[in-house]
Amino acid sequence: MLNFFICFFALSIIRKNLDTSPYFRNNLDVLRILHLIVVPCVMAFDVILGDSMKLVAETGWFIILSYILYVLYQQKEHILSGSLLKAGLPYYASYVLLFLIKYALPSLYKTTESYLDLLNIITLVWLFAFGISAKNQLNTLKREKEQKEKVIHENEALEHLVRERTNEILQQKNQLEETVEELKQTQNQLIQQEKLASLGELTAGIAHEIQNPLNFVNNFSEVSTELLEELKEELSTGHLSENSSGILEDLVQNLQKISYHGKRASGIVKNMLEHSRASTGERQQVDINTLAEEYIKLSFHGLRAKDKSFNSDFKVWAAPALPTVEAIPQDLGRVLLNLCNNAFYAVSRKAAENIPGYKPLVTIAMENLPAEEAVKITVSDNGGGIPKELKNKIFQPFFTTKPTGQGTGLGLSLSYDIITKGHGGELTVESVEGESTVFSIVLPVR
Amino acid sequence: MKILVVDDETDIKDLFLQKFRKEVRSGTMEFNFATSGEEALDLLKGYDPESVLILSDINMPGMTGIELLRKIRGKHPVAPPQVMMITAYGDEANRKAATSLGADDFLTKPLDFNELKTKLLK
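First to last, the sequence lines map onto chains D and W. When you number the first sequence by our numbering, it's gap-free, plus one each residue, and the end is 446. When you number the second sequence by our numbering, it's gap-free, plus one each residue, and the end is 122.
Everything labelled a hint here was simulated from the structure, so no lab data went into it. Computed from a prediction, not measured in an experiment: that's the story for all the values here. Heads up, some of the hints might be wrong.
[To be verified] Pairwise CB distance ranges (calculated):
(1) Gln193(D) - Gly102(W): 40 to 46 Å
(2) Gly74(W) - Glu430(D): 35 to 41 Å
(3) Arg25(W) - Glu430(D): 16 to 22 Å
(4) Lys402(D) - Ser26(W): 52 to 58 Å
(5) Gly267(D) - Gly102(W): 36 to 42 Å
(6) Val429(D) - Arg25(W): 53 to 59 Å
(7) Val429(D) - Ser26(W): 35 to 41 Å
(8) Val24(W) - Val429(D): 47 to 53 Å
(9) Gly102(W) - Pro356(D): 37 to 43 Å
We treat Cβ as the ideally placed atom computed from N, Cα and C, and that holds for glycine.
This is chain D alone, in the form it adopts within the complex (with noise of 0.2 Å):
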């Protein structure tokens, strides 16, 4: 009865515990045969035989005990099996030793039967005792698997919350990038705008000043073929008067003023051509004087243009012998063109407020400053001029004053860029409120 206990048990131990795989043979658990068949077949035996076949059931136990312990010693890297085995081989020992005695000397086993009774039930006491120690110690095996497989669940719970966080915060930083990349299209798409947007400005300021030139080129050739007409009349008849001479002298100014005109209209063109086309970034050696005076014409006929009621008295004062400057013309037209507008757009301001007495003029001067071997151009107005709080934000890209629509706020910023990157020069602006708006270039000669 206490050996199908001990076997029943260990047996359900170790196919609980323990791997069970090796002891397959034709796809038969030989354990779980042992431990539900063979076992309680045995025990059946040894209840139902009683005494008259006792050494069976007893060769049974033993070779049952034998085989567990065979399976515990293969597995004894097992932490269980190893204290299942120190528990279990003494009584297997004091088993064996009874069962030996017992069969084969009777006599001895007669004079010593109370002691080796005694020995089996010590190393009974010692099973239980190391049995429930295992038995513990399987338990805390068990939590601490659990506590294993809890934290792998929580780690890989874990794992996968780091995961998908930074899927998230890759997605994030490639939206962010696509961002970035939009918003650089977008301010190259808002330069050329801006290129433009200041070259409308100029057409209607370049048709105007195209037509005057080219007025003066057919008037002057219509009526110069007038007096040579009458010139013609007159050396027909032969007689040639005061007249004649003063008709010379008209013709030879006339084919002055065509060549003149013609040749303003041309520089016009070519200039709204400069403006134009793409910035080639090709240095030249640029008259400002010449520039300066095209491009606030250019402004004012632009902005008249575009609305009727605008008007400004403009002042060039260009300085004698300066020197010409190692300059992109179009970038460096830009920028007059744009604080040409600026100071237009001011004094316009300023004037519809209908202050009496009130004059809005606009001046460009240019200054040679050869000890610095530069040139000074001033664009100043008698505008609105420019609140304290804003002067730091008027080169900011997008900062404008205008009402949404109508500046990109992109003209200071990209002028400032032309000048101080594009020229190696400076541009700044001196401000009275209410008063007046000074703008200065300083670019060096080369």
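Put chain W on the given structure of chain D with help from the hints.
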């Protein structure tokens, strides 16, 4: 007849004097020139308004032709002096403004001198 031509382009003077050289020579027309509205107003002070015809460009820096017209019509609400305005081609806005301010006639740029001559001789 005294004609005051107001235009910021200085070469307009030579052009007019040559185009109307016969009239100038014969003394039927006398031309004076001003390159700004302000100058024109100064010159007008010395004239008898009865015998003056003013021919003014509109698009001028400083005082525009429209303002000049307003100032003249402020003093002389109706002709004389006659005021003819020279407008850019297709500039309807200024034409309307000038009409409402009392301009007597219009010429379009580029100037047709034959048309101008017939108008002046009327």
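Just tell me: holds or violated, for the beta carbon distance of Arg25(W) and Glu430(D) against 16 to 22 Å?
-> Cβ of Arg25(W) to Cβ of Glu430(D): about 56 Å, so the range 16 to 22 Å is violated.
Could you see if the CB distance from Gly74(W) to Glu430(D) stays within 35 to 41 Å?
-> At roughly 39 Å between Cβ atoms, Glu430(D) and Gly74(W) fall inside 35 to 41 Å, so the hint holds.
Is the hinted range of 37 to 43 Å satisfied by the C-beta distance from Gly102(W) to Pro356(D)?
-> Once the Cβ atoms are compared, 24 Å apart, the range 37 to 43 Å for Pro356(D) and Gly102(W) is violated.
Starting from the range 35 to 41 Å, see whether the pair Val429(D) and Ser26(W) falls in it by beta-carbon distance.
-> Distance hint for Val429(D), Ser26(W) is violated at roughly 59 Å.
Range hint compliance [Cβ, Lys402(D) to Ser26(W), 52 to 58 Å] = holds (57 Å)
For the range 53 to 59 Å, tell me whether the beta carbons of Val429(D) and Arg25(W) fit it or not.
-> Between Val429(D) and Arg25(W), where Cβ atoms are some 57 Å apart, the hint holds.
Evaluate the given range 40 to 46 Å for the C-beta pair formed by Gln193(D) and Gly102(W).
-> For Gln193(D) and Gly102(W) the Cβ distance comes to about 43 Å; the hint holds.
Gly267(D) and Gly102(W), beta-carbon distance inside 36 to 42 Å?
-> Given about 39 Å between the Cβ atoms, the range holds.
Kindly confirm whether 47 to 53 Å is satisfied by the beta carbon distance between Val24(W) and Val429(D).
-> Once the Cβ atoms are compared, 52 Å apart, the range 47 to 53 Å for Val429(D) and Val24(W) holds.
Checked against the numbered hints listed earlier, the structure breaks hints 3, 7 and 9; every other hint is satisfied.
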